[in-house]
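Asks: Please arrange chain F on chain U, whose structure you already have, making use of the hints.
What follows is the residue order along each chain.
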Amino acid sequence: MGQAHGHDDDHGRDHDHDHPHAPIADDTPLGYYEIMEIAVRELLIERRLIGADEIRRQIEVLDSRTPALGAKVVARAWTDPAFKARLLANGRKACEELGISFYDDTELIVLENTDKVHNLIVCTLCSCYPRPVLGLPPDWYKLRPYRARAVTEPRAVLAEFGTLIPDDVEIHVSDSTAMVRYLVLPKRPPGTEAYDEDALAALVTRDTMIGVVDVSTDRERPR
Amino acid sequence: MTGSEELLKRLPTDLGGLSGDAISRTEHDLEPWEKRCHALADVLDFHKIINTEEKRRGVEALGAEMIGKLSYYERWIAAFANILFQKGILVPVDLARKMAEVEARRAAQP
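Top to bottom, those sequences are chains U and F. Be aware that the first sequence starts at 1, since it is given in this note's numbering, and climbs by one per residue. Be aware that the second sequence starts at 1, since it is given in this note's numbering, and climbs by one per residue.
Simulated from the structure, these hints should not be mistaken for lab results. We put the CB at the ideal spot given by N, CA and C, even for glycine. Check before you lean on any hint, since a few could be wrong.
Derived list of chain F stretches under chain U, where covered just means 3 residues or more per stretch with a C-beta under 8 Å from a C-beta of chain U [said to hold, decoys possible]:
#: 1; stretch: 22 to 35
#: 2; stretch: 50 to 60
#: 3; stretch: 96 to 102
So that you can see chain U by itself, here it is in the shape it has in the complex:
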């Protein structure tokens, strides 16, 4: 990756690879921080501290991580009690069983929602998130309102997502760190007894695994 990119290779999530030597198609000046990013990267490559190919390969890894992976984990846990037990005992190992590799050193703790407990995850200090299984976090997860308020007024925060938790259900908020990440195992919705694993996975959205909404069969949600 020696060259800066034109912006026209970023049509949303569809492109699955980078274009290391793509000609620059527009003459928009590069932003200051983009110049800094290019310069830092090139200096590190010149000094052989990182490989030229590693950034491109890691972009491919990042692009391959979407909430569909987490949804697969949740659906398996709903249909296979032994897997669920292993998942709750060691989230990372159980995800690896399903072929989801962890490209970092993080631990994954899976938090089960029940009739008594609703879990919510946050990172108050920055933006730690279970990226290997969910991909990159949404912007709101990284911004002040969610990070500030989730730990002290989770019911109000959840209400803003349209999620009303009964008073007799405890809310557990887990604050992520650089090394410890969380994933919510949401409750399987009623009326899905006949669903197979793929149909169940299709119900499980990103936000249900952050814990800001419950899984539902009766409305379409964006992931």
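Replies: Chain F alone, transformed into the frame defined by chain U:
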């Protein structure tokens, strides 16, 4: 009481429990350079050059004003540059020269 003691009690990234606005459910697809910046963070971590916690502290060390004014990945790349200087891996003049070179290369594009 000048109020400055609050600055000691709360570093600028330590937001948990503070008040905040209503949550605006904003999302955006990353710009290509933002995605490259994210990949760079991961690669720096793989090579034990800068780990996640060092990155976090590097952002915190930018101080409240920069944290407030820079976007998410702007903060990251600024923190990486500072950490690389602190570790003696890069020196500021090299980065300044390389940035000028990148800019000149871009300007020379037909």
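Asks: Flag every earlier hint the structure violates by its number, smallest first.
Replies: Of the numbered hints, all hold.
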